[in-house]
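Colleague: Residue numbers (our numbering), protein chains in the order written: chain A, 1002 to 1272; chain B, 1002 to 1272.
Simulated from the structure, these hints should not be mistaken for laboratory data.
There may be inaccurate statements among the hints.
Claimed, not checked - Going by beta-carbon spacing under 8 Å, a handful of chain A positions derived as facing chain B:
#1 1063
#2 1064
#3 1069
#4 1115
#5 1116
#6 1128
#7 1129
#8 1130
#9 1154
#10 1162
#11 1163
#12 1166
#13 1169
#14 1176
As the list claims (entries may be wrong) - Sample of chain A residues at the chain B side, in silico, Cβ under 10 Å:
#15 1114
#16 1146
#17 1177
#18 1213
All residues carry an ideal CB built from backbone N, CA and C; glycine is no exception.
Protein chains: 2
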Amino acid sequence: MKRAELVNQIHKKKSFLCIGLDSDITKIPTHILSEADPVFEFNKQIIDATADLAVAYKPNTAFYESRGVEGWISLKKTIDYLNQLAQPVFTIADAKRGDIGNTSTQYAKAFFEALNFDAITLAPYMGQDSISPFLQFKDKWAIVLALTSNQGAFDFQFIQNQENQDKLFESVLKKTKSWGSTENMMFVVGATKAELLGQVRKHIPDHFLLVPGVGAQGGSLQEVAKYGMNKEVGLLVNSSRGIIFASRGTDFAEKAREEALKIQQEMAVLI
Amino acid sequence: MKRAELVNQIHKKKSFLCIGLDSDITKIPTHILSEADPVFEFNKQIIDATADLAVAYKPNTAFYESRGVEGWISLKKTIDYLNQLAQPVFTIADAKRGDIGNTSTQYAKAFFEALNFDAITLAPYMGQDSISPFLQFKDKWAIVLALTSNQGAFDFQFIQNQENQDKLFESVLKKTKSWGSTENMMFVVGATKAELLGQVRKHIPDHFLLVPGVGAQGGSLQEVAKYGMNKEVGLLVNSSRGIIFASRGTDFAEKAREEALKIQQEMAVLI
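With the rest of the complex left out, here is chain A (with noise of 0.2 Å):
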């Protein structure tokens, strides 16, 4: 998907809602487990009921994984059932890659080709090499890990670089933003430091911004958009656990819709 596709979902849905499939298959209900893919229909009945709601959806590759090959199947049916929607929605599919160039390029068709996704995470550790194999691909995006959301983001993206002070996440918002464009890059920033949010402005102002860690995690959406947003929204707000198991009862679709109708009618006034 294009940027300006992105941005003008943004605008018709009034909406810049993510929503994570983390479809922990421990988590499900449980009344769908008699299903033949039991995750894929848990996901199908989740986007059925928000697709109105939400202008992106992310399966964390993880929760797929963990399933093995099986996993791996429900991971293509539910990319395969998004893009089909009337609606066009973007798709990110979080799976933090990052390895050296030829076997980055194999990531890269692995989600790109394999899985029809628009956008990938990568985490930065191993450089240009590591990223740049997936800005060849026409209309897809790179989502580089910045600023994360969990405690461990302190051990290392903090890390004062002597020469010039910046801390290792600006290290890398700003050598990585050269290595592409606005328009297939993105990055990763945690909500639970929204006033942090304005020093990753100062460095990309124009960038999309990926954002973890509202409602569960603990960060506010009002904040998110006072010091994130750009004039084009420029944001993403994904929420994950909040809105896929807000009931794990029959009415879990429901549920799951009133809570992402919450988080949609409160970016409405902010966009």
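Position chain B against the provided structure of chain A, taking the given hints into account.
Modeller: Coordinates of chain B only, in the frame set by chain A:
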């Protein structure tokens, strides 16, 4: 596999060779492509030809994921085959994963349970909660990227911390080692900068190192042993393309054995 057993195998085989099963379907011999599962058949023949010379095998998951569900099936067959060899080998999923805590647990299940690997490679960017879940599995290993052998290693891994002048890869070594032990943690340190192995050994004298970059990527085995070996050898030196693609004809397994034998013979005098 326990560390003692790994060390035992190294002495038995007089080898610390790890063979990288980067089995790119576009590079395997064409006569194999008519097999039902050509990548598995290729791996099987490589393994049969080299299992007495190598102590470890390391499929890089990218080359399997790029083929979608089929690739995941080839990977499953390959690890199952490795796990039934008469002489045990150490198995590494070169997956370079890393995610927030509950998600990392899913990756651990994927590679330690759904697939029964001994070890997985991990990216350190997200810190402790992205690594620790892998250390909760008995006799399983986390192999953390410290200093990689690619060009992009220079982008971030050498950034100097203004607090203590440590380079980023040193901060990773110093902090990460405290999360596990020499019995469940190793580090990736590239051989293209062999003299840096000495610097690495100051921080982690006793850990095993997984060393890529010998051969095709230019590192010398003698240099690696000189700077990197410890009293229990402490090295797994990987070679991928130089062995598995030594020939692309019908003699590929025989030629792979010849290349592996050359390296094993060099290793035998160094142990």
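Colleague: Are the hints correct? Go through all of them and say.
Modeller: These are the hints, each one checked on the structure:
For residue 1063 of chain A, the suggested interface contact is upheld, since its CB lies about 4 Å from the closest CB of chain B, less than 8 Å. A cut of 8 Å between beta carbons decides the hint on residue 1064 of chain A: the least distance to chain B is about 5 Å, and the hint holds. Interface hint status for residue 1069 of chain A: upheld, as the beta-carbon distance to the closest one in chain B is roughly 4 Å, under 8 Å. The restraint placing residue 1115 of chain A at the interface with chain B holds, with a minimum CB-CB distance near 4 Å, inside the 8 Å limit.
Contact between residue 1116 of chain A and chain B, as hinted, is supported at the beta carbon level, the nearest pair being about 7 Å apart and thus within 8 Å. A least Cβ separation of about 2 Å between residue 1128 of chain A and chain B falls short of the 8 Å threshold, and the interface hint therefore holds. Hint status for residue 1129 of chain A relative to chain B: holds, with the closest Cβ pair at about 5 Å, below 8 Å. At its closest, the beta carbon of residue 1130 of chain A sits 4 Å from a beta carbon of chain B; the interface hint therefore holds under the 8 Å criterion.
A hinted interface residue such as residue 1154 of chain A counts as satisfied when its beta carbon comes closer than 8 Å to some beta carbon of chain B; here the least separation is about 6 Å, so the hint holds. Using the Cβ-Cβ criterion of 8 Å, the hint placing residue 1162 of chain A at the interface with chain B is satisfied: the shortest such distance is roughly 5 Å. Because the beta carbon of residue 1163 of chain A sits about 4 Å from the nearest beta carbon in chain B, less than 8 Å, this interface hint is met. Because the closest C-beta pair between residue 1166 of chain A and chain B is about 7 Å apart, less than 8 Å, the hint holds.
Evaluation of the residue 1169 of chain A hint against chain B yields a held restraint, the C-beta minimum of about 7 Å falling below 8 Å. A hinted interface residue such as residue 1176 of chain A counts as satisfied when its beta carbon comes closer than 8 Å to some beta carbon of chain B; here the least separation is about 6 Å, so the hint holds. Because the closest C-beta pair between residue 1114 of chain A and chain B is about 8 Å apart, less than 10 Å, the hint holds. Taken as an interface hint, residue 1146 of chain A checks out: its beta carbon lies about 6 Å from the nearest beta carbon of chain B, inside 10 Å.
Below 10 Å, beta-carbon pairs count as interface contacts, and residue 1177 of chain A has one with chain B at about 8 Å; its hint therefore holds. Checking residue 1213 of chain A against chain B by beta carbon gives a least distance of about 8 Å; that is within 10 Å, so the hint holds.
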